[in-house]
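Asker: Residue numbers (my numbering), protein chains in the order written: chain Y, 1 to 192; chain A, 193 to 754.
Keep in mind that the hints were calculated from the coordinates and are not lab data.
Please note: incorrect hints may appear among the correct ones.
[Stated by the list, open to error] Here are the computed lysine to any residue pairs in the SDA-like style, where the Cα-Cα straight-line distance is at most 20 Å:
hint: 1; chain 1: Y; residue 1: K94; chain 2: A; residue 2: A506
hint: 2; chain 1: A; residue 1: K632; chain 2: A; residue 2: A667
hint: 3; chain 1: A; residue 1: K598; chain 2: A; residue 2: T706
hint: 4; chain 1: Y; residue 1: K94; chain 2: A; residue 2: S747
hint: 5; chain 1: A; residue 1: K353; chain 2: A; residue 2: V701
hint: 6; chain 1: Y; residue 1: K159; chain 2: A; residue 2: T442
hint: 7; chain 1: A; residue 1: K700; chain 2: A; residue 2: R601
hint: 8; chain 1: A; residue 1: K700; chain 2: A; residue 2: L595
hint: 9; chain 1: Y; residue 1: K94; chain 2: A; residue 2: H194
hint: 10; chain 1: A; residue 1: K700; chain 2: A; residue 2: R602
hint: 11; chain 1: Y; residue 1: K159; chain 2: A; residue 2: H194
hint: 12; chain 1: A; residue 1: K249; chain 2: Y; residue 2: K159
hint: 13; chain 1: A; residue 1: K632; chain 2: Y; residue 2: K159
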Amino acid sequence: MLTHIRPALVLLLLMTLLTGVVYPAAVTILASVLAPAAVEGSLVRRDGVVVGSALIGQAFSDPGYLQPRPSAGDYNADPSAASNLAPTNAALVKAVADRVAAYRAANGVTPPIDAVTTSGSGLDPDISPANAFRQADRIAAARRATPVQVLAVLHTQVKGRWLGLFGQDRVNVLAANLALDASLPKAPAAGN
Amino acid sequence: MHILLIDALYITVLLALAWPLGVYMHQVYEGDFPRFARPIRGVENWLCRAGGLGTLKPQGWQAYALAMLAFNVAGFVLLYAILRLQAVLPLNPDHIPPLSPAVAFNTAVSFVTNTNWQAYSGEAQLSQFSQMVGLTVQNFVSAATGMAIAIAVVRGFTGPKSTTLGNFWVDLIRSVLYILLPLSILLALWLAIQGVPQSFHGAVTATTLEGAHQVIPTGPVASQLAIKQLGTNGGGYFGVNAAHPFENPTILSDLLQTLAILLIPAALCITFGRMARDARQGRALLIAMLLMFVAGLAVIQWQESLGNPLLHLAGGNMEGKEQRFGPALSGLWAAATTAASNGSVNAMHDSFMPLSGLVMLVNMQVGEVIFGGVGAGLYGILLYVVLAVFLAGLMVGRTPEYLGRKIERREVTLAMLAFLAMAVGILVAGAAVTVLPAGKAAISNPGPHGLSQILYAYSSFTGNNGSAFAGFNAADPLEAVLGGVIMLLGRFAMILPMLALAGSMARKVRSEATAGTFPTHGPLFITLLVGTVVLLGALTFFPALALGPIAEQVSLVAGQSF
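This is chain Y alone, in the form it adopts within the complex (with noise of 0.2 Å):
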């Protein structure tokens, strides 16, 4: 066992010191080279201030903006969280109503699956088109727009499968409320 011990010690102080300096500080290097904005959290500034994150949804209650989905964590990304209620959890069908119930009130139709669930973040950032465009009159109302002239926005922002194939269909909520802004840009009534 001693004979084994030395050796332990030693490789153990090279691998940390390969795999936990060399390595992470080589790939940070390369990286920033290679994607200088991805590595810092691939930020999104409107007028120089940073508002959000391309990738991490944030909360948005103002009638003018489209709507993300429920977070069990209300968007707070430090820390993120997720519900984790089973499907048997009488906690989730109660919650899931209460949702379908508000959203109709909100919008007059009934909502689509991932407008009533939270995600596993809770803090997806996109939300299904069907979602987005349910909300439309919604959004032109408090507009002051035609809901024509919102879907026509709201259509930019759709992105696709990958290949056609893989993942499913989605609007970035961030990048939608910024189109919408700049499109059609008579501020929200309730701005604050």
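Once you've looked at the hints, dock chain A against the given chain Y.
Answerer: Here is chain A on its own, set in the frame of chain Y:
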């Protein structure tokens, strides 16, 4: 149709990558390096000299095991110290306090045993130093330990008559230098291009369009992520693991990681065939694994696409899933991560349908042999091979043989000893926790799903998987310590008997195959092997599964919630 095409493409690409990698890994472990890998020899020689490793003689199984244990104990002590001292160590821009002793113990054991269960939430409870110098290092060396053990075991099964199994230090160093590091660098850079952060600036505060503040944590994520998938580790940089958009920003990043999860375990089957100088032997193991994987995958994707009947909404089961992945890719990941003892998640398994949960439980409970952990899957399936050959021998009344070596009393005893570790860890510890107040307090879902949560946690601990029904509160001190002990049991109560078994196989004379030899590469053997895995698993765990996921499914069909 569309899901079938996705799965078929996934498996095709996986096999196309695993084949050359398996051949390359064989060359590396034999010391017959291809030209492009020769520059790494300089680093290897330097490590051996600096480590004072001396002449690097081949070791018998006991010496191999002792070297492995010494290295793992040292790794545990270092990681525990880092987690307890992170407040005073560098690279802590967000001023995170130390982990509690119980959670630090659990986490250190978890990463040394390649389990990577997260009893902590990374972005809130670990400093960048802990993530990088603590966890990333163990991601590498725990994976390399598994690969080294697998190669040693395979040498015992396939090599010439010998009293030795190779040298642990050489196998460990080569696993890291020639295989894990180059692949990790490639994958990390590709993931960074997809949008995974890799920075040391700490959290950023954004002012949202509605004027609220959102704290956006970043860090050296890409480098940790790459090895976490390739090494079947699975412990995430963030609490919600690869569901977090920063760990898994795009559909392509998701596919890359799903491939990385199964890549090395699949390639090791090819390596095995090469070492046995009979590619058919490796292919048989790979086909057996693929059959079991696809069966489970089909059930999960079917159930998740159907959705939850209690919600009366179309579109599949989207609770706990990301919009960009949906039921198909979340199902693919869930099947891969539980089969391969990876444990990372891109959707919350607690919210999967009961039958999906059943498949994930079975994947872990059969001992992580459907691909399994890097290395661990291969020596795990060899355990079942020994038992399958033994059963075949009983049926036809001949002394069982595998690869020309007789399987005798000692081998079967050792294989059963290793097999018992799973049953003890899952059933005995799981049952004990079920009646303890702390265990009941850890459950977050009512009804049969609560029992599934306990079963899932202890299957995950014992199988060194690390995935969770994450509502289960494993941070409670008693849970954390007991969980750590079970992870140790699941790792070392498997490795030590398997090394002993390999040592005993190595000492046997190889006989040539005759007309009376039971072939271990054809459809008959593959069927027998799958049957052995399913039957032993089913007989051992079926009663517990009936009370958990199966009872939940019956309730669901009856329209009952809890």
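Asker: Give me the numbers of the hints this structure contradicts, sorted from smallest to largest.
Answerer: 9, 12 and 13
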